[in-house]
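Since the structure of chain A is already known, use the hints to place chain B on it.
Okay, here's what each chain looks like letter by letter:
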Amino acid sequence: MHELPVTEQILKVVLDHARKAEAHRVVHVNLVIGDLTTFVDESIQFYFDFLSRGTEAEGAALHIRRIPARVRCHACGGEFAPDGVDWRCPHCGGLGGEVLAGRESYIESIEVE
Amino acid sequence: MRKVEVVTDIMSANDQIAQENAAALQSHRILAVNLMASPGAGKTSLILQTARALDGRLRLGVIEGDVASRIDADKVAAAGIPVVQINTGGACHLDAPMIRQALRALPLDEIDVLIVENVGNLICPVEFRLGETLRVMIASVPEGHDKPYKYPGIFTAVEAVVINKMDLAPYVDFDLDALREAIRGMNPRAEIFEVSCRTGEGIDRWADWLWTQWQAHRSAK
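Protein sequences, first through last, are from chains A and B. Heads up: the first sequence begins at 76 in my numbering, then just goes up one per residue. Heads up: the second sequence begins at 65 in my numbering, then just goes up one per residue.
Note that these hints are calculated values from the structure, not bench results. Here a beta-carbon is modelled for each residue, glycine too, at the ideal position from N, C-alpha and C. Do not take every clue at face value.
[Unchecked claim] Straight-line alpha carbon distances no greater than 35 Å define the calculated DSBU-like cross-link-like pairs of lysine-lysine that follow: (1) A/K87 to B/K67; (2) A/K95 to B/K67; (3) B/K139 to B/K211; (4) A/K87 to B/K214; (5) B/K139 to B/K214.
[Unchecked claim] Coverage of chain B stretches by chain A, computed from C-beta distances (three or more under 8 Å per stretch; other residues unrestricted): (6) 71 to 79; (7) 182 to 195; (8) 245 to 259.
[Stated by the list, open to error] Below, a sample of chain A positions facing chain B; criterion: calculated Cβ distance under 8 Å: (9) H77; (10) I85; (11) K87; (12) L90; (13) H92; (14) T112; (15) T113; (16) F125; (17) E133; (18) A136; (19) I139; (20) I142; (21) D158; (22) V174; (23) S180; (24) I182.
Same shape as in the complex, but just chain A (with noise of 0.2 Å):
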């Protein structure tokens, strides 16, 4: 639910950058979100069709870029990509280590008309 707020958030920067370059039309928003942010593709598209009625950036797709957690294990240094709920390191057995990828949230770009 906190994808509301969130999401205005994202139409303003949306709409701030699409007026500075003199759009008249948004056709697409391409974001970047990781994997170990809470945010959910489907309500963040559901609220931006809802909030962006009558702007600029109505009817616009988002295109969100998921990028998949990333941890360097604390025991052997080697990275991994935590499976799910499986925080093991595959090279060594110890368990989890420093995030290096995975918490992104950023709006990359947008195409316009």
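Coordinates of chain B only, in the frame set by chain A:
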């Protein structure tokens, strides 16, 4: 059609205000703790125990976040602690503008440590920075030891995990070593505290850590 580079964090509008909050708190040398947990994990109880343990050493202030009611704020006020209640009216988390508003109603010159009790929720609060110095979560014994794997967002984001209701451990299926191993695995830098707000067990170590953090924060530029 043309492409316009944006590269702006989704949370940038909130984060901007969070930075202003952080600056306001820093100017009063206040250490701010964003306390997150499930409903019923013991957030208000931990605040009351912390106030007791730090009495005479540090002056506490509290912001209470709930969907509705003043129940928690009344408990905190009854202990003589300055408190502001935020009712989010349905929102599942606190955000930086709500904190900015609440700070205006607190006697900042009389507070050393501000504890912000977030809305009971392990998901939404994680994405909203408030201007806090530290993010702390409570994981209570009856919730079980497998929660880090189910809620990696919060467990990888916090500076400390307080395991509360340790007095219930003998009565429920709970594996303390498994929980500790999971937290260590996902967030090796997080401090772990085992406490019981009911018996007072472990509260001193947690309060001493807060005291150390406050001293470090106070001397930092």
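Just to be careful: measuring from the Cβ of A/D158 to every Cβ in chain B, is the smallest value less than 8 Å? Cβ of A/D158 sits 11 Å from chain B, so the hint is violated.
Holds or violated: A/T113 as interface residue toward chain B, Cβ cutoff 8 Å? 5 Å, holds
Next pair to validate is A/K87 with B/K67; report whether the Cα-Cα distance is within 35 Å. 18 Å, holds
Going by Cβ atoms only, is A/E133 closer than 8 Å to chain B? Not OK, violated: A/E133 not within 8 Å of chain B, min 16 Å.
If you take the shortest Cβ to Cβ gap from A/H92 to chain B, is it below 8 Å? This interface hint holds because 5 Å falls under the 8 Å limit.
Taking 8 Å as the limit, does the beta-carbon of A/S180 come near enough to a beta-carbon in chain B? 4 Å, holds
Coverage assertion for the segment 245 to 259 of chain B with respect to chain A, Cβ distance below 8 Å, three residues required: holds (count 7)
Can the hint on A/I182 be confirmed by a CB-to-CB distance to chain B that is less than 8 Å? 5 Å, holds
Hint check: B/K139 vs B/K214, CA-CA at most 35 Å. Holds or violated? 32 Å, holds
Cut-off 8 Å, C-beta pairs, minimum 3 residues; does the coverage of the segment 71 to 79 of chain B by chain A stand? This one holds; 8 residues, not fewer than the three required, reach chain A with a Cβ under 8 Å.
Taking a Cβ-to-Cβ distance below 8 Å as contact, does the segment 182 to 195 of chain B have at least three residues touching chain A? holds (count 5)
Are A/T112 and chain B close enough, Cβ to Cβ, to be under 8 Å, as the hint says? Cβ of A/T112 sits 6 Å from chain B, so the hint holds.
Of the numbered hints stated above, those contradicted by the structure are hints 12, 16, 17, 18, 19, 20 and 21, listed in ascending order.
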